[in-house]
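> Use the sequences and the hints to build the structure in full.
Protein chains: 2
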Amino acid sequence: MDNLNDEEIFNDRDRIEPFVKAITRNKHLFKDKVVLDLNSGMGLLSVLASQSGAKQVYAMKANCYATEIIKQNNIQNVTLKKENIKEVELNCKVDIIISAWMGNMLFYGGSIQEVIYARDKYLNKDGFIMPDRGQLYLQSIEDTQYRDQKMNFWNSVYGVNMKWMKQWVAKEPLIESIKDDQLNSDEQLIYEVNLQTCKLEDLSFSNQYQLKIKRQDYVTGVIVWMKYSFTYTHLPIHVIMGPTKSPFWKPVILYFREELPVNKGDKLQGSLAVKFESEELLHIKLSVHLQQQNYISYFKLN
Amino acid sequence: MDNLNDEEIFNDRDRIEPFVKAITRNKHLFKDKVVLDLNSGMGLLSVLASQSGAKQVYAMKANCYATEIIKQNNIQNVTLKKENIKEVELNCKVDIIISAWMGNMLFYGGSIQEVIYARDKYLNKDGFIMPDRGQLYLQSIEDTQYRDQKMNFWNSVYGVNMKWMKQWVAKEPLIESIKDDQLNSDEQLIYEVNLQTCKLEDLSFSNQYQLKIKRQDYVTGVIVWMKYSFTYTHLPIHVIMGPTKSPFWKPVILYFREELPVNKGDKLQGSLAVKFESEELLHIKLSVHLQQQNYISYFKLN
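Chains as they are written, first to last, in the working numbering: chain H, 22 to 323; chain F, 22 to 323.
Keep in mind the hints are simulated off the structure, nothing from the lab. Remember, it's a predicted structure, so these values are computed and weren't measured experimentally. Where a beta carbon is used, it is the ideal one built from N, C-alpha and C, also for glycine. Misleading hints may appear alongside valid ones.
Some chain H residues near chain F, calculated using beta-carbon distances under 7 Å [said to hold, decoys possible]:
| no. | residue |
| --- | --- |
| 1 | Val41 |
| 2 | Leu65 |
| 3 | Val68 |
| 4 | Glu89 |
| 5 | Ile90 |
| 6 | Gln93 |
| 7 | Asn94 |
| 8 | Val181 |
| 9 | Asn182 |
| 10 | Met183 |
| 11 | Trp185 |
What follows is the structure, encoded as structure tokens:
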């Protein structure tokens, strides 16, 4: 018996509802179409796709409850597979791929590689992916108190000198929401991906940013948060995992080496480079320039 | 590089402090002793044991930071091993075994089997384990609203009939704290283990309980919470992971098949049987008798 873990459905409405909406309010897209659900679990989205008019649904990574749920709902055209898409061979092309491929920083802890594999092998040329777009936004923050507390902790851990750990702690991005009043710049789009066309190498990037400081303050670092979108639906559905309210995928906090004093109207410039090695390993390089100061910091998510 | 996950130390003071206290306030126990730390990580407890007078410390499951931390603290007599105790061969006996072996329901998600292995193979006959005792307590609760909400959810999950899931949901214990005012009986000790002497078969048990109801109410089920103790210390240290406040190991909630109306002074009788198959699999059988009503429920933690 699979581990039930019904919390995935029970508690994570914020994560599932955009998918439910994208399917049930867009029956015109599903009519007579072949659908591939890359992570079907109990089969919820596969059943909804079938009920929305799909001709055939292939449901990967189905759990042990899915068979009975499909049956109880009198669904005939959902084919359940326990395996993931790389482990099976489908004998036809598909029109729609459904996948919650998102992770932190869009790709970390997600399943983007599976989507690209499935798309290149099975998606019809006028087929589409749900959701099909992802964006990363960057914004500067003041977080001195928490950062100091976190760093100073290592000076003496129950009497043991662990100062040496600080250099490693500084390289670990924090995955955490922050408070509204900690944001002290405007937000800036730093990266965009289109799943319909992206290649694996597009998941790594190096882009410039310029943030406009909103008040006299200190900048401890930046926060990176994401947005993903279903753009093939009748009305586009945008899901914003913002810096302060992120029910499921939390934003990533990257601290500078030192905090920077800033004034209202200052322009904080720099670049963010992310190297995608796999869904379990991201290298991040953050540079910042302000007046005569230049810092480069390196981080790793793994 | 190991995943840093410094939160283990940074955030879980409640889990670590009893160990720190047990070591640093009991230097008389450590003087010239050989210590085995079964899960050393960064080496914190091993360093403290050495500083408390231990002659030699064997530190299992050390991470990549431990070597440098040992060095920075000028510790010479800690031997670091990346492996767990079953994967190495020590060439001497030990006087003290340190291990945070506890999990939910004492053993689930813990590492009790490793402790028993290490004890039988390496512990001197007058040696001891830290902590060396564990207890489970049982108390009845009223939790109708949450239970109903959780169960009724499956009637229609975004329009999909998943009623069939209820039978499985009912068999999954909840691992969750509750509110003080939900407790409606006295507490009862239902199981005790002494790590100095226990065998693997002692980790399974079937014991009777009799709870005295405190008010006119409904009983939805019982909550099982734990206590563990260091009894070889100068003053015994008891750590209570209570039903309402459990920073690290949350209590386990077991629902009856139906809620029972109870009156002040009623005696709720029954038995709790736990079959320990491994640290990843516990079978639980809960029976309850009240007047003419008898229910038996089966649960599985895996």
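> Each hint should be assessed against the structure and marked as holding or not.
For each hint, the structure was consulted:
1. Val41: holds (5 Å)
2. Leu65: At about 6 Å, which falls below the 7 Å cut-off, the nearest Cβ of chain F leaves the hint on Leu65/H intact, so it holds.
3. Val68: Given a least distance of 5 Å, the restraint on Val68/H holds.
4. Glu89: holds (5 Å)
5. Ile90: holds (6 Å)
6. Gln93: holds (5 Å)
7. Asn94: With a closest approach of 5 Å, the Asn94/H hint holds.
8. Val181: Since chain F brings a Cβ to about 5 Å from Val181/H, closer than 7 Å, the hint holds.
9. Asn182: holds (5 Å)
10. Met183: holds (6 Å)
11. Trp185: holds (5 Å)
Going down the numbered hints, you'll see the structure goes against none, and every one checks out.
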